[in-house]
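So the sequences go chain by chain: A and B.
Residue numbering for the first sequence follows our numbering, starting at 616 and increasing by one per position.
Residue numbering for the second sequence follows our numbering, starting at 616 and increasing by one per position.
Mixed in with the good hints there might be a few duds.
As the list makes no split between identical chains, a pair holds if one copy fits it or if it spans any two.
[Said to hold, decoys possible] Straight-line distance between alpha carbons at most 25 Å, and here's what the computed DSS-like set of lysine-lysine pairs gives:
{"id": "1", "residue 1": "707", "residue 2": "904"}
{"id": "2", "residue 1": "900", "residue 2": "707"}
{"id": "3", "residue 1": "893", "residue 2": "748"}
{"id": "4", "residue 1": "904", "residue 2": "893"}
{"id": "5", "residue 1": "900", "residue 2": "809"}
{"id": "6", "residue 1": "722", "residue 2": "904"}
{"id": "7", "residue 1": "748", "residue 2": "638"}
{"id": "8", "residue 1": "722", "residue 2": "707"}
{"id": "9", "residue 1": "787", "residue 2": "707"}
{"id": "10", "residue 1": "625", "residue 2": "722"}
{"id": "11", "residue 1": "625", "residue 2": "929"}
{"id": "12", "residue 1": "748", "residue 2": "900"}
{"id": "13", "residue 1": "638", "residue 2": "893"}
{"id": "14", "residue 1": "722", "residue 2": "825"}
{"id": "15", "residue 1": "825", "residue 2": "904"}
{"id": "16", "residue 1": "707", "residue 2": "825"}
{"id": "17", "residue 1": "707", "residue 2": "893"}
{"id": "18", "residue 1": "707", "residue 2": "638"}
{"id": "19", "residue 1": "787", "residue 2": "904"}
{"id": "20", "residue 1": "638", "residue 2": "625"}
{"id": "21", "residue 1": "809", "residue 2": "893"}
{"id": "22", "residue 1": "929", "residue 2": "748"}
{"id": "23", "residue 1": "904", "residue 2": "929"}
These are calculated hints, taken from the structure and not from any lab test.
There are 2 protein chains.
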Amino acid sequence: MRAARYYDRKDIRIEEIDEPQLKPGHVAIDVAWCGICGTDLHEYLEGPIFVPAHGHPHPISGESAPVTLGHEFSGTVTAVADDVSDLTSGQKVVVEPYIIREDVEVKPGVDYQLSPDMNFIGLGGRGGGLSEKIVVERRWVHPIADHVPLDHAALIEPLAVGHHAFVRSGGKAGGVAVVGGAGPIGLLTAAVLKAEGLTVFISELSEARKAKARETGVADEVFDPREVDVAAEVRRRTDGRGADVGFECSSVPVVLDMLLDAVRPAGVIVNVSIWGHKPAVDMPKLVLKEIALLGTIGYANDHRRVIELVEDGKIDLGPFITGRIGLDGLVSEGFEQLINNNEQHVKIIVDPRA
Amino acid sequence: MRAARYYDRKDIRIEEIDEPQLKPGHVAIDVAWCGICGTDLHEYLEGPIFVPAHGHPHPISGESAPVTLGHEFSGTVTAVADDVSDLTSGQKVVVEPYIIREDVEVKPGVDYQLSPDMNFIGLGGRGGGLSEKIVVERRWVHPIADHVPLDHAALIEPLAVGHHAFVRSGGKAGGVAVVGGAGPIGLLTAAVLKAEGLTVFISELSEARKAKARETGVADEVFDPREVDVAAEVRRRTDGRGADVGFECSSVPVVLDMLLDAVRPAGVIVNVSIWGHKPAVDMPKLVLKEIALLGTIGYANDHRRVIELVEDGKIDLGPFITGRIGLDGLVSEGFEQLINNNEQHVKIIVDPRA
Numbered sequence: 616m617r618a619a620r621y622y623d624r625k626d627i628r629i630e631e632i633d634e635p636q637l638k639p640g641h642v643a644i645d646v647a648w649c650g651i652c653g654t655d656l657h658e659y660l661e662g663p664i665f666v667p668a669h670g671h672p673h674p675i676s677g678e679s680a681p682v683t684l685g686h687e688f689s690g691t692v693t694a695v696a697d698d699v700s701d702l703t704s705g706q707k708v709v710v711e712p713y714i715i716r717e718d719v720e721v722k723p724g725v726d727y728q729l730s731p732d733m734n735f736i737g738l739g740g741r742g743g744g745l746s747e748k749i750v751v752e753r754r755w756v757h758p759i760a761d762h763v764p765l766d767h768a769a770l771i772e773p774l775a776v777g778h779h780a781f782v783r784s785g786g787k788a789g790g791v792a793v794v795g796g797a798g799p800i801g802l803l804t805a806a807v808l809k810a811e812g813l814t815v816f817i818s819e820l821s822e823a824r825k826a827k828a829r830e831t832g833v834a835d836e837v838f839d840p841r842e843v844d845v846a847a848e849v850r851r852r853t854d855g856r857g858a859d860v861g862f863e864c865s866s867v868p869v870v871l872d873m874l875l876d877a878v879r880p881a882g883v884i885v886n887v888s889i890w891g892h893k894p895a896v897d898m899p900k901l902v903l904k905e906i907a908l909l910g911t912i913g914y915a916n917d918h919r920r921v922i923e924l925v926e927d928g929k930i931d932l933g934p935f936i937t938g939r940i941g942l943d944g945l946v947s948e949g950f951e952q953l954i955n956n957n958e959q960h961v962k963i964i965v966d967p968r969a
Numbered sequence: 616m617r618a619a620r621y622y623d624r625k626d627i628r629i630e631e632i633d634e635p636q637l638k639p640g641h642v643a644i645d646v647a648w649c650g651i652c653g654t655d656l657h658e659y660l661e662g663p664i665f666v667p668a669h670g671h672p673h674p675i676s677g678e679s680a681p682v683t684l685g686h687e688f689s690g691t692v693t694a695v696a697d698d699v700s701d702l703t704s705g706q707k708v709v710v711e712p713y714i715i716r717e718d719v720e721v722k723p724g725v726d727y728q729l730s731p732d733m734n735f736i737g738l739g740g741r742g743g744g745l746s747e748k749i750v751v752e753r754r755w756v757h758p759i760a761d762h763v764p765l766d767h768a769a770l771i772e773p774l775a776v777g778h779h780a781f782v783r784s785g786g787k788a789g790g791v792a793v794v795g796g797a798g799p800i801g802l803l804t805a806a807v808l809k810a811e812g813l814t815v816f817i818s819e820l821s822e823a824r825k826a827k828a829r830e831t832g833v834a835d836e837v838f839d840p841r842e843v844d845v846a847a848e849v850r851r852r853t854d855g856r857g858a859d860v861g862f863e864c865s866s867v868p869v870v871l872d873m874l875l876d877a878v879r880p881a882g883v884i885v886n887v888s889i890w891g892h893k894p895a896v897d898m899p900k901l902v903l904k905e906i907a908l909l910g911t912i913g914y915a916n917d918h919r920r921v922i923e924l925v926e927d928g929k930i931d932l933g934p935f936i937t938g939r940i941g942l943d944g945l946v947s948e949g950f951e952q953l954i955n956n957n958e959q960h961v962k963i964i965v966d967p968r969a
């Protein structure tokens, strides 16, 4: 079968590889669509980061580069192992793409995303969504209702990232959220917040991204920090109080500063973005307002709720898909497009059979 | 009566002023001892900060410089207003030195320390502990048992700062804490943590402070970061897990870095220190371990528990008193000593009658 394989920085190859074999406790899936993630771009431009470099096998997967890429994918079950009784061929599914030690329990209340040597399918080994087929441990396979289109479903993984950030924030329906940055993760985080009943303000500079934030309806207001003092505007619309929760989705220091101003005393800021450097943090503000600045990584026990939000039509993922390509175009029409023309895009999805 | 009055940066005067008059809802107190706080030093060297500059009255107190200094004090009740029935003359007390709006409720569950325009008695007006007498609203006066020496009691206020940081952290008896820095607040925070049943590791460079941390018994181990990799040492002593909670009490960037390394995944770091600049924060570490970095300011509903810890002998505040001076020596023997010889001192307390 064909697969996109990461060899090294700027070296991704579309190759013919062996089909994965079904084994006990596992599920065989025909991949339908796989999204390209910012993490994939980081691996391409600056990696290997999550990918275990050639000759340095990952302690859980035992694999190192080359590995198959792709961790945001949907598909259809084609076979299940004899010991898997609760999934059947033909079912639509998405994958929670973790590589996590066997002995780590995956259940509510367990922060399995923080377990030692955690990595992701499609980065740390175990195949990936940028190939025609994949075999995945049963515990990471989540069925979805038939009426959810498989192209939309490819976005459930990044949506789960936004949901996890929301859960981390402690935000509640009726509360007020500020999202700094309307890139893919900012928009999907906003979509979760809106669906969960919060009032959502977005701060964004880019015209294309502002338009997308407005068009998708994920924000009650979209502010341009060149036009308004976003924090002052948020306070004005909250009777001087400030937002309950803030989400840093931009990796831009002034956005973090804005959030420290925009949230209320005892407010929470969740850092969802990936920083290439160590930003200066205004500690006096964090101190005087007793703000909590929280890290968030991946998801844990988020997929069930996210799938429900999509199945119930509370989040329409269609408008976030801005490109559909085949596997051969992965680098030229996918990665390069997202790198050079990133404001025009939210999510480019790949059909590994095309 | 005599009082230490803050006029401006580097301009503190010991003067004769009128005695404060008792009024409804208030309590008259003869001050016994008043500690000098790091905040006072900041006002002296770089202020006015909390002190309302001359001609810029504080919105609640209505006062501006000159104001009487001193917010860490103990004393004896000499008179109570007719409408105060639960305190009597002769009772030993400490003051929770807040200036907070009348309409803000002061009760458990309310973050009254975060209410608008919050300031402190002894900084924002309403007299101070660096004077012979003070009249204080009943709600800020906390009785203490007769067996608690009044010199020790002057340290209850900074101890409440440490207690509030502990409460913010969510730390629990049986847990493991790392305290970065063994200055006054680091030591008193460690004292609370130890009394509340946590294992306490302290990181400190200064020989004098290391000695004090050891002598006071507030730490299970004191590490010198020049001698050991503190984070690695903490992990080694926690079966590789890391500390549950960390406390930044140094305003030193490498200490914050150490804490990000030393706490476990999903750990909490409370920033107790005052930063003169915006430190660079290692966001990738905060993200990958889902660390919570929390601000803390002052205290709220902490005094009752702190007084109990002192009354029950679980914390002995005596060893933290490293100097006793009179009001006339405030600048030369107090402030200048703490500025130029700070490693030798924890807390210098002032007898405003001497």
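Status of each hint after checking the structure:
1. 707 x 904: So residue 707 and residue 904 fail the 25 Å test inside a copy (47 Å) and across (33 Å) alike.
2. 900 x 707: neither (48 Å within a copy, 36 Å between copies)
3. 893 x 748: neither (39 Å within a copy, 49 Å between copies)
4. 904 x 893: Answer is both: 22 Å inside a copy and 16 Å across each meet the 25 Å cutoff.
5. 900 x 809: Classified as neither; 27 Å inside a copy, 29 Å across copies.
6. 722 x 904: between (34 Å within a copy, 19 Å between copies)
7. 748 x 638: within (14 Å within a copy, 81 Å between copies)
8. 722 x 707: For residue 722 and residue 707, the Cα distance is within 25 Å only inside one copy (22 Å; across copies 53 Å).
9. 787 x 707: neither (31 Å within a copy, 45 Å between copies)
10. 625 x 722: neither (37 Å within a copy, 60 Å between copies)
11. 625 x 929: Answer is neither; intra-copy 38 Å and inter-copy 61 Å both fail.
12. 748 x 900: neither (50 Å within a copy, 34 Å between copies)
13. 638 x 893: neither (43 Å within a copy, 53 Å between copies)
14. 722 x 825: For residue 722 and residue 825, neither the intra-copy (38 Å) nor the inter-copy (44 Å) Cα distance is at most 25 Å.
15. 825 x 904: neither (30 Å within a copy, 32 Å between copies)
16. 707 x 825: neither (33 Å within a copy, 62 Å between copies)
17. 707 x 893: neither (41 Å within a copy, 49 Å between copies)
18. 707 x 638: within (20 Å within a copy, 75 Å between copies)
19. 787 x 904: both (20 Å within a copy, 24 Å between copies)
20. 638 x 625: Classified as neither; 33 Å inside a copy, 76 Å across copies.
21. 809 x 893: neither (30 Å within a copy, 33 Å between copies)
22. 929 x 748: Classified as neither: same-chain Cα gap 30 Å, cross-chain 64 Å, threshold 25 Å.
23. 904 x 929: neither (34 Å within a copy, 31 Å between copies)
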